[in-house]
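Q: Read off the chains here:
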Amino acid sequence: MINTSNGMMSTTSSSNAQSPGLKTYFKTPEGRYKLHYEKTHPSGLLHYAHGKTVTQVTLAHLKDKPAPSTPTAPSSSFSTGSGVRSAAARLLGGGNGSRALSFVGGNGGSKSVSASSRVGSLVASSSSSSTSTSNFDGKGTFLIFNVGDAIFISDLNSQDKDPVKSIHFSNSNPVCHAFDQDAKDGHDLIIGLNSGDVYSVSLRQQLQDVGKKLVGAQHYNKDGSVSSSRCTSIAWVPGGDGAFVVAHADGNLYVYEKSKDGAGDSSFPVIKDQAQFSVAHARYSKSNPIARWHICHGSINSIAFSTDGAFLATVGRDGYLRVFDYSKEQLICGGKSYYGALLCCAWSMDGKYILTGGEDDLVQVWSMEDRKVVAWGEGHNSWVVSGVAFDSYWSSPNSDGMGETVMYRFGSVGQDTQLLLWDLEMDEIVVPLRRCPPGGSPTYSAGSQSSHWDNALPVGTLQPAPIMRDVPKISPLVAHRVHTEPLSGLMFTQESVLTVCREGHIKVWMRPGVSESQSNNSETMLSTSLKEKPLSSGKVGSSSYKQ
Amino acid sequence: MGAAGSKLEKALGDQFPEGERYFGLENFGNTCYCNSVLQALYFCVPFREQLLEYYSSNKSTGDAEENLLTCLADLFTQISSQKKKTGVIAPKRFVQRLKKQNELFRSYMHQDAHEFLNFLLNELVDILEKEAQAAKSDQETSSPPEKMVNGPKNAQANGCHKDPLVTWVHKNFQGILTNETRCLRCETVTARDETFFDLSLDIEQNSSITSCLKNFSSTETLNAEDKFFCDKCCSLQEAQKRMKIKKPPHILVIHLKRFKYIEQLGRYKKLSYRVVFPLELKLSNTVEDAESEYSLFAVVVHVGSGPNHGHYVSLVKSHNHWLFFDDENVEMIDESAVQTFFGSAQEYSSNTDHGYILFYESLGTSNKS
Chain A
83 MINTSNGMMS TTSSSNAQSP GLKTYFKTPE GRYKLHYEKT HPSGLLHYAH
133 GKTVTQVTLA HLKDKPAPST PTAPSSSFST GSGVRSAAAR LLGGGNGSRA
183 LSFVGGNGGS KSVSASSRVG SLVASSSSSS TSTSNFDGKG TFLIFNVGDA
233 IFISDLNSQD KDPVKSIHFS NSNPVCHAFD QDAKDGHDLI IGLNSGDVYS
283 VSLRQQLQDV GKKLVGAQHY NKDGSVSSSR CTSIAWVPGG DGAFVVAHAD
333 GNLYVYEKSK DGAGDSSFPV IKDQAQFSVA HARYSKSNPI ARWHICHGSI
383 NSIAFSTDGA FLATVGRDGY LRVFDYSKEQ LICGGKSYYG ALLCCAWSMD
433 GKYILTGGED DLVQVWSMED RKVVAWGEGH NSWVVSGVAF DSYWSSPNSD
483 GMGETVMYRF GSVGQDTQLL LWDLEMDEIV VPLRRCPPGG SPTYSAGSQS
533 SHWDNALPVG TLQPAPIMRD VPKISPLVAH RVHTEPLSGL MFTQESVLTV
583 CREGHIKVWM RPGVSESQSN NSETMLSTSL KEKPLSSGKV GSSSYKQ
Chain B
425 MGAAGSKLEK ALGDQFPEGE RYFGLENFGN TCYCNSVLQA LYFCVPFREQ
475 LLEYYSSNKS TGDAEENLLT CLADLFTQIS SQKKKTGVIA PKRFVQRLKK
525 QNELFRSYMH QDAHEFLNFL LNELVDILEK EAQAAKSDQE TSSPPEKMVN
575 GPKNAQANGC HKDPLVTWVH KNFQGILTNE TRCLRCETVT ARDETFFDLS
625 LDIEQNSSIT SCLKNFSSTE TLNAEDKFFC DKCCSLQEAQ KRMKIKKPPH
675 ILVIHLKRFK YIEQLGRYKK LSYRVVFPLE LKLSNTVEDA ESEYSLFAVV
725 VHVGSGPNHG HYVSLVKSHN HWLFFDDENV EMIDESAVQT FFGSAQEYSS
775 NTDHGYILFY ESLGTSNKS
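If you're matching them up, the sequences are chains A and B in order. Under my numbering, the residues of the first sequence are numbered 83 to 629, in order. Under my numbering, the residues of the second sequence are numbered 425 to 793, in order.
Worth flagging that the hints you see were computed from the coordinates, not collected in a lab. Worth double-checking, as some hints may not be accurate.
Stated by the list, open to error - Selected chain B positions facing chain A (Cβ under 8 Å, derived; list incomplete):
hint, residue
1, Asn630
2, Ser631
3, Thr634
4, Glu687
5, Arg698
6, Val700
7, Pro702
8, Lys706
9, Glu715
10, Ser716
11, Glu717
12, Ala769
Stated by the list, open to error - In silico BS3-like links for lysine-lysine, alpha-carbon gap of 27 Å or less:
hint, chain 1, residue 1, chain 2, residue 2
13, B, Lys681, B, Lys741
14, B, Lys741, A, Lys418
15, B, Lys638, A, Lys555
Owing to the predicted nature of the structure, the values given are computational and were not obtained by experimental measurement. Each residue gets a CB set at the ideal place from its N, CA and C atoms; glycine is no exception.
So here's chain A without its partners, still in its complex pose (with noise of 0.2 Å):
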């Protein structure tokens, strides 16, 4: 099956030729965003995936070892666009990354493998041996993301393009995955298939394997048993210990639990009216899937939990946004887009804004003080797919001392190549709104989200799609063309912002102020970063926006 005939896999700086027509770099208020480095994967697979499936990337920060008593503040999700799912943990003290990863060492070796064999071994983490060790320099922190019939995995941190491990997936394409970072021991990833399987695996135990396969996978939905349509987003339920969601092609949702083992038979009864939400329950308690949601008529196209757990939000085919209260398994609020289906979604950190985007070429802000649009991003110039995130690590300028105006910063990409960038300044957007109050008092209050509720729609009610002229309009910050192919993706970190392509193509910016030498001088980097983030930027998104 090995097949060392050619070097492929070594020649992946000219697969990946920088188009003469991209700046490596752009600028904003703050400062350069510079491009540092390039993930990709072997160039042999590009002619075989091309079109076929869409990348999609997620984070995750492998801790030293299960962790017994980590604090379970969830620190995940901050920016989660549905091709982007950034799940981050502490790191428990520095220097302990290398020796849970020195495995691979062992393995690192320089096979070099036939592009054209799709089959064939990508275990080595790259034909040159000093990589294996230059990896796992003390972060743990990986992009794990899907290429035709591969998951990829590569170092964050590490200059090299190439992943350290690749899977390759017999039956059908691996099209969404998920990692949770506060997965007590055992699986913490979740991989969904064009086909409607459904894996979670364990990502230390991959790393540590020297096969192509999943190892110690465990398989619900086997062929489609309970669901042959396509997996379409797949999510942890923040908090749900072990629980997570699969949205599919067909409008659907399943609830799994990964204590189960899947075994059990799950059979739910025909959905009656296609246009109708509607919960149903597994029959028997050793069933896995749950529970079904349908959610609606065709495709979910992407689904994405409030930090806390409590909300989920969908965007499908028809063009509506829904957000449900998850636990009361009930239809909060929602609304459709300008026309067209929606692409993405992503929830602001303290809870209050929905990003969407969609075939409009807008990306919508979403109040769920107000249940409604708030503000139309105008300035894609195509779908904006799958890449929609609030940056949740960008502190306002005047945020500090004042606390009047409240901004959030965030990101979006679309088909049309570009990253674009947005501020969103609670003052401006709200004025509009205070003039013409929809049948609500002028009293307009930064009160408490449930007591601003009890006056406005009634529990679940989907708005209509608004008025070209009744919504504020912003425009970005900053307009970058990142790559050549449509974009399926970002998502922001501490010290970057990443973007990928379609075609798997993952681009890490790195943010004013971090210079390159800092950020390879990683360890401390990482370990204070991330202790710091869910403190800040939590705080960031909440207090200053009281008014």
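Assemble the complex: chain A is given as a structure, and chain B must be docked to it using the hints.
A: Coordinates of chain B only, in the frame set by chain A:
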């Protein structure tokens, strides 16, 4: 052929729409440009219904002279009255008539589907107008023909000319563009209306139809050698010009300008750009905030890398199923397959199937009056 037909029937099963017919069209040597457009028009339901109605009411009056309209009506009637649900039909008379009528389409060269559509719609309108004229002179006293729906302004623009007749072809496909020119000296806005059956849009790499429509209506400054003669200033002046849609058509036909003349090459080149088109669309470049929503129901696809050769196929939405028509062959496809016809993000790509003409139908109130 029969086997293929039954396969489609099997695929649709119980869901085969009552009374609907899915027939492939035989190719008489490079007539795919014609077949692909005919399928799109056949599944333009209001157009089809009115054509069939025209046919049945016209048949009773007896031996009308053969023309493109009667040939088209004949073909559509032939399809819709088939006993079988699927199969293949040879549009022989129609193609013969087309070749007789227009020498452009006589050769066996590769033809442009958009040119054909344009020719056909204008030809149909001509025939209907002539007929109405003839009917009018036959019976002078009968009620006058319907007037243009869009009132006085247009009538003024046309001055003392008689009002143009509004045929059912107009009612389906005609929209009105207004060309606003604002003199930068005296600020006077001159508006000139023009009718259209389709919008031809310039395209850009990795863009959307929404963005192309925006560019179509973007403000253009006329200056330097391209100044505007302002009637008020009585001289050439700098001016700003923009095209807006004054009256959106019921059936919105969008033609993507994929065949571009490249001066350096001295010939046409096909642009394989990736241009995404949503299944639902709203026009934002209208004069009033119309905001009526359109739904995509047909796409004519050009297959091939160059402008002078290649193939045409069409994707058609009928009763919420998507069908793929390739001359004789008809297949069911998933809605998600439509996105494989957007184009290529890279110039040299193995994918050469590109959406070329898009047909959207307004979801708002159907074409009234």
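Q: Could you run down the list of hints and mark each one as holding or not?
A: Status of the hints after comparison with the structure:
1. Taking 8 Å as the C-beta contact cut-off toward chain A, the hint placing Asn630/B at the interface holds, the least distance being around 5 Å.
2. Given hint, Ser631/B at the interface with chain A, holds; its Cβ is 5 Å from that chain's nearest Cβ, closer than 8 Å.
3. At a threshold of 8 Å, the smallest CB-CB gap from Thr634/B to chain A is about 5 Å, leaving the interface hint in force.
4. Because the beta carbon of Glu687/B sits about 22 Å from the nearest beta carbon in chain A, more than 8 Å, this interface hint is broken.
5. Checking Arg698/B against chain A by beta carbon gives a least distance of about 7 Å; that is within 8 Å, so the hint holds.
6. Satisfaction of the interface hint for Val700/B is found here, the shortest Cβ-Cβ separation to chain A being roughly 5 Å, below the 8 Å cut-off.
7. Annotation: Pro702/B was flagged as interfacial toward chain A, and the flag holds, the nearest CB pair being 4 Å apart, inside 8 Å.
8. Interface restraint check for Lys706/B: the shortest CB-CB distance to chain A comes to about 5 Å, inside 8 Å, so the restraint holds.
9. The interface hint given for Glu715/B holds, since its Cβ lies 6 Å from the closest Cβ of chain A, which is under the 8 Å cut-off.
10. Interface hint status for Ser716/B: violated, as the beta-carbon distance to the closest one in chain A is roughly 10 Å, over 8 Å.
11. Taking 8 Å as the C-beta contact cut-off toward chain A, the hint placing Glu717/B at the interface holds, the least distance being around 6 Å.
12. Checking Ala769/B against chain A by beta carbon gives a least distance of about 5 Å; that is within 8 Å, so the hint holds.
13. Proposed proximity of Lys681/B and Lys741/B is supported: the alpha carbons are some 23 Å apart, at most 27 Å.
14. A distance of roughly 23 Å separates the Cα atoms of Lys741/B and Lys418/A; the hinted pair therefore holds under the 27 Å criterion.
15. Taking the CA atoms of Lys638/B and Lys555/A, the gap is near 16 Å; set against the 27 Å cutoff, the hint holds.
In this structure, the earlier hints numbered 4, 10 are contradicted, and the remaining ones agree with it.
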